[in-house]
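So the sequence lines, in the order shown, correspond to chains H and P.
Here the first sequence is numbered in the working numbering, starting from 9 and rising by one per residue.
Here the second sequence is numbered in the working numbering, starting from 973 and rising by one per residue.
Don't take every hint at face value.
[To be verified] Calculated lysine to aspartate or glutamate pairs in the EDC-like style (CA-CA distance at most 16 Å, straight line):
(1) P:K1072 / H:E113
(2) P:K1014 / H:D65
(3) P:K974 / H:E52
(4) H:K86 / H:E76
(5) P:K1039 / P:E975
(6) P:K1014 / P:D1055
(7) P:K1072 / H:D65
(8) P:K1072 / H:E118
(9) H:K86 / H:D71
(10) P:K1014 / H:D18
(11) P:K1072 / H:D64
Honestly, the hints are just simulated from the structure, not real lab data.
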Amino acid sequence: DARVTQTPRDKVTEMGQEVTMRCQPILGHNTVFWYRQTMMQGLELLAYFRNRAPLDDSGMPKDRFSAEMPDATLATLKIQPSEPRDSAVYFCASGLDLPGGGTGELFFGEGSRLTVL
Amino acid sequence: QKEVEQDPGPLSVPEGAIVSLNCTYSNSAFQYFMWYRQYSRKGPELLMYTYSSGNKEDGRFTAQVDKSSKYISLFIRDSQPSDSATYLCAMSFLSGGYNKLIFGAGTRLAVHP
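Chain H on its own, in the form it takes in the complex (with noise of 0.2 Å):
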């Protein structure tokens, strides 16, 4: 049964701590995403990547923020150093490019729940 898979599930941490959150996507899949998910924003596309390559990170605050794709079977997401307001569910989701372009179905790993205190 193939799925993404997402470590940590829970993750509760101070501030100014560094955080790793890190993503499997479903074999095969070229493009991998990164959102976070809180109660005020909704879904928030944070990073997106295509081939391992880094694609799009507006979404994503700069400073703190960084996405990686070390190889095709690992996604990161690192945090440094958090703060209270980081604190949300991060989801990855992997997906499949359409032959007439654009992303297929996008298939979304059950999150990193974030605590920052």
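Since chain H is already given, all that's left is putting chain P on it; use the hints.
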């Protein structure tokens, strides 16, 4: 003003009721319209996907798109307690070579027996 507006609810209905969920949008460039369902502590999963104006039916679910009014709807017939979840509308258009997917805030639905 957000690009996609969705009433967050919550919406509470009795089992067997017809549920109507709606979103409005402002960007006429949107080409693809989706509904995702999200259970508590889970990631969203795709429920319905439409490209053009009109209706699309899948079992108890019907998705409706009215591009002239910039309005989309999801109808659930014979609602079940298992339909209790948050329903997110999502829309996309090609930007920089990919479908930039914008989500609504989500409507929380509770179907009680």
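Okay, the hints, checked on the actual structure:
Straight-line distance between C-alpha atoms of K1072 (chain P) and E113 (chain H) comes to about 12 Å, which keeps the hinted pair within the 16 Å bound. This hinted pair does not check out: K1014 (chain P) and D65 (chain H) have alpha carbons roughly 24 Å apart, beyond 16 Å. With a C-alpha separation of about 12 Å, the suggested pair K974 (chain P) and E52 (chain H) falls inside the 16 Å cut-off, and the hint holds. Pair hint K86 (chain H) plus E76 (chain H) holds up; C-alpha atoms about 9 Å apart against a cutoff of 16 Å.
Between K1039 (chain P) and E975 (chain P), the direct Cα distance comes to roughly 14 Å. Compliance with the 16 Å bound is thereby established for this hinted pair. In summary, the hint linking K1014 (chain P) to D1055 (chain P) is supported, as the alpha carbons are separated by about 14 Å, within the 16 Å threshold. For the given pair, K1072 (chain P) sits about 12 Å from D65 (chain H) by alpha-carbon distance, which is consistent with the 16 Å threshold. Between K1072 (chain P) and E118 (chain H), the direct Cα distance comes to roughly 21 Å. Violation of the 16 Å bound is thereby established for this hinted pair.
Taken as a hint, the K86 (chain H) and D71 (chain H) pair is honoured in the structure, with Cα atoms around 11 Å apart against an allowance of 16 Å. Proposed proximity of K1014 (chain P) and D18 (chain H) is supported: the alpha carbons are some 12 Å apart, at most 16 Å. A hinted pair counts as satisfied when its Cα atoms are at most 16 Å apart, and K1072 (chain P) with D64 (chain H) qualifies at roughly 10 Å.
Taken one by one, the earlier hints fail for this structure at numbers 2 and 8, listed in ascending order.
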